[in-house]
Amino acid sequence: MSEKKEEPFTINWLTDLPYRYALGPVASKFFRVLKESGKLLAIKCRKCGKVLFPPRSVCADCLVEMTVDDMVELSGEGSLDGFTVVNYPFVDPNTGETRPFPYGYGAIKLKGTDTWMLHFVDETDPGKIKPGMLVKAVIKPKNERKGTLEDIPYFRAVEKK
Amino acid sequence: MSEDKYFHGRIRVPYRHVAGAYAGRFIQEIGNNKRIMGVKCSRCGKVYVPPRMVCFACFEKMKEWVEVGKQGTVKGFTVVNYSTPVMPLKPPFAYGIIELDGSNTGFVHIIKEGDPKKLKVGMRVEAVFKSNPEGNILDIEYFKPV
Amino acid sequence: MVKQKVAIVATGQTKHRSRRRDVNISEMIYEAVKMALDEAQLTPKDIDAVVIGNMDHFEGINFSEMWTGIESAPGYLKPVVKVATGGTTGTSLAAYGYYAVASGMYDKVLVVGWEKINEGGATTGIVTAFDARWERPALAGALGPLALMASMYMWEFGVTPEQAAKVTVKNRRNAANNPFAHLQQPNMTVEEVMNSPVISWPLRLHDCCPQSEGACAIVYAGEGVARKISDNLAWVKGVDTGHYYTYGGDDVMHKYPAAKIASTRLYKKVGIRNPLKDLDVAEVYEPSSWAELMWTEALGFCEYGQGGKLLDEGVTEMGGELPVNPSGGVIATNPIGATALIRVAEAAIQVRGLGGKRQVPDVELALAHGFGGSVWADLMILGKEP
Amino acid sequence: MDKEVAIVGVAQTKYEEEKADLPYSELVFEVVKKLHDELGITKDDVGSIITSSNDFNDGRTIASMAIQDALGAVGKSESRVSGDGAFAYVYGVMRILEGTYDTVMVVSHCKCSESNIYLVNNSIFEPYYQRWLGLDQVSSAGLMANMYSHKYGITQEQAAKVAVKNRKNALNNPYAHLQKAVTVDEVLNSKMMAYPLKELDLPPLSDGAVAMLLTNKEKAKKYTDTPVWFKGHGNCTDAYYLGHRNMTDLIGLELAAREAYKMAGIKNPMKEIDVAEIYEAFTYHELMNYEALGLCKKGEGGKLIDSGQTEMNGTLPVNPSGGVLSSNPSMANGLVRVAEIALQLMGKAEKRQVKDAKIGLATGMNGICSQGNCVIILEA
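Residue numbers (my numbering), protein chains in the order written: chain A, 1 to 161; chain B, 1 to 146; chain C, 1 to 386; chain D, 1 to 380.
It should be emphasised that the hints constitute simulated quantities derived from the structure, not laboratory data.
Glycine included, every Cβ here is placed at the ideal spot set by N, Cα and C.
Be aware that a few hints might be false.
Claimed, not checked - Restraint ranges, calculated between C-beta atoms of paired labels, are given here:
#, chain 1, residue 1, chain 2, residue 2, range
1, B, Arg35, D, Pro174, 45 to 51 Å
2, B, Trp65, C, Glu162, 52 to 58 Å
3, D, Lys222, C, Lys5, 47 to 53 Å
4, A, Glu97, D, Glu272, 33 to 39 Å
5, C, Lys3, A, Thr148, 34 to 40 Å
6, C, Lys5, A, Glu97, 49 to 55 Å
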């Protein structure tokens, strides 16, 4: 069968489902500290010692619970161990609108952690990226912070080529 | 309240569902020609309104289109007294399962009547068509008691 | 109820395309179901249970199995169960179907995977699979993370974009031999891949899977009835799944540890010592060209870092020692909820010798692999002998 | 069915209106940890894991991804049934019977407090014919209740008695969400929602999770002296479109029950079954369940509740836990039913214990108004 060009008859439906996703004490503290002091926290498993970002309350390897007391402060610096430039349009389900692009996106190993954070990077030219280069979390000014991940709009690539 | 314990997010996505030959024709006939069409299973003889490609009982493709009545008999109803963002009318109003004349299945739709005492299983209702069709099932705006 | 061996007795697929304008969801799925039932010469009544799945938010339909299981598959007045695990949905469905028959609970089970992805949008849907608080804001569907993995892989092992491009060339060429495949491009060249627009560096357009609409169905039967249905069967030799951390960034993604763990376990169970030699064909879920290179390493076809070399040496080509994705794979066809089930169906087709122009000669053992979730792996090995 | 698959331990959270401090992962961790501690096991003792959840309820595609860490699933073979937890239990049983795994943990979770349940359930209806009408679980239940009561002359008082019974039972269940008895008058005078259903004919919305460990025959002895055996199962799906459904008789449930009884060798369910936990989505639905499960003749569900035979001290107590009308962690409901029957047959149901319970029945449900039905028979 050949693909017909004309648009078929469609039934359109705008799904618009509100959700309130519980944060739990650990993430709550992370976002509160981020909002109040602009600092990033991770969490350290008291059994295996692994430092995990995003901070969460269960260490998957040990199946032990971690609490707000296990949270450790990070410098906000990390190494850029993976990188891409998102260069395609799509509807962002958070808004129902097309997300602006292109944007840099990295796998960032935050100093002091054993995991990678996947987040925006302020570079859209892969030619300027060095594997493992230093990146630094940019934090919004205090009066603009809302206590969500958007308070960290992106990581700044520091040691560009 | 515990609102600061939450991240408020949403899943907001515009979907475009290809209606296909059956739902497409059904809804367009309502909008364009104010006709209600069913489709008949050649095996069990049942007339389905609204139409679908496959008779789920016989698992056969259906091909024969038939026009059915704009009136029908109420098989069941409920009157809703609460509201949600997706309800097309302000409550109270009724949902009904209506067997249209000439069909053998229940057709689920709205009956514009908010008083359960005025509704009865077995009563007759008639489709009210929307004057400016929008290309969906609400091109039959509602059913009204005859 | 007696434990039994399980065989795939029939398969069905739609011709996968980017947009099925002519049919709605339920009508599209019916095509694959009908084909599988017809091949098995089974009536809808013969089916004991239906297992069907897709991703809820991709088409925005909750409990889709309650609709499609009845109106696209013969599930009326029968058991209908939905399994949905992301990209691995198809193999997870296949696993459910296998356990349902192997346990003795049912004798004939129909398994269906489908997606009508362009009713919503794959990237949009995939974003919703990730944590709303931590991951969704920056995540761009599957391609962003796949590109990150590709960059990490490239940086660690020096695998080149040209080597990745060769995967596309191979698979799109293979796809030309598969009448169901979406992108059939027998003449694709490395240059063409390398010159296609950058979608998510280092992934170019032709390094990426398409978004397809389609459905796939398979019919399982227990050993007692299977031989009555067909004398050409693909037996399930073993099934395993490797799940992994909740957050994709918790470990080295490009080494795909879940696949390493699950494949090691499964090979041992099935008695495979050297997968490259012992397996005759593999259908792997490669959502990008780079992914196939990484996956061939994690699945033990070669050492870490040697995926490019394996390809360069032609090992995974048609006619090579272990052809990978004779169907054209995911880089040619990707109706997400059906994609991993297509791997199983295609592996069954190879074992049964029904592959036509895409047939690998003398297949005794075939591997089907599903990828999804937070870098999860689902595996199934099919064989000619029970 | 011979004694081959055992439930050796169960764990539940308390069901509550809003567990604001617990994201899904921590909710699941609570029951997993409880189960581990009770049985003295670690994650290494668990062969495979089956979960059930729903992506619309959780606001997340592949809802099970959020709970991998909390399950202890890293490196393991986990899989997930999309929908009600009773179906996950059955998948767990299949995995044990197949022979690869001698232990399977089954977990189900739901937090109704995080989503708008009406919109979530409106999404169950396909977009062509039903969704635009704004239908949801309450309006469909209203249709069903009205058609059923019209056909069989069931009164609103009879339906109300179901709420009275179940809410009273819940007083004995420390896990139950609503622990306040109600009277027939209170039910009849509660806010009209979808005629004839009033607010107290309908369940609350709850948060909670449940977990259990299944083992094969050999392993069962290691963990418990009171294993609860899988004895029979039936699963049957009715038509999808409400206009195609038999709205007055739950034929899907009836066929599922028939199959389960056959497998379990049960001829007279009212006599042979000692305790039942059924997924009653609204008061009338429990009466319809009685009929479909063969506890009484068609149309006599009202008489059965009148007779008191399904009360705690009756011939066949139904929903000693308080049922869904007392606790409704939607997707977990079926697995909660299985867990409650397991506790009954283990003799661990404390104040809600039915004396000498040897054979129990649990049901699960998917979709709107008993479209997908699962009936499970368990034996002490």
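Comparing the hints with the structure gives:
One distance hint, 45 to 51 Å for the beta-carbon pair Arg35/B and Pro174/D, is violated here, with the actual separation near 60 Å. The hinted range of 52 to 58 Å is satisfied by Trp65/B and Glu162/C, whose Cβ atoms lie roughly 56 Å apart. Distance hint check: the CB atoms of Lys222/D and Lys5/C are about 29 Å apart, inconsistent with the given range 47 to 53 Å. Remark: the range hint 33 to 39 Å for Glu97/A to Glu272/D is contradicted by a beta-carbon distance near 60 Å.
For the hinted restraint 34 to 40 Å between Lys3/C and Thr148/A, the CB-CB distance of approximately 52 Å leaves it violated. Look at Lys5/C against Glu97/A: about 53 Å separates their beta carbons, and that is inside 49 to 55 Å.
In the structure shown, a violation is registered for the earlier hints numbered 1, 3, 4, 5, in ascending order.
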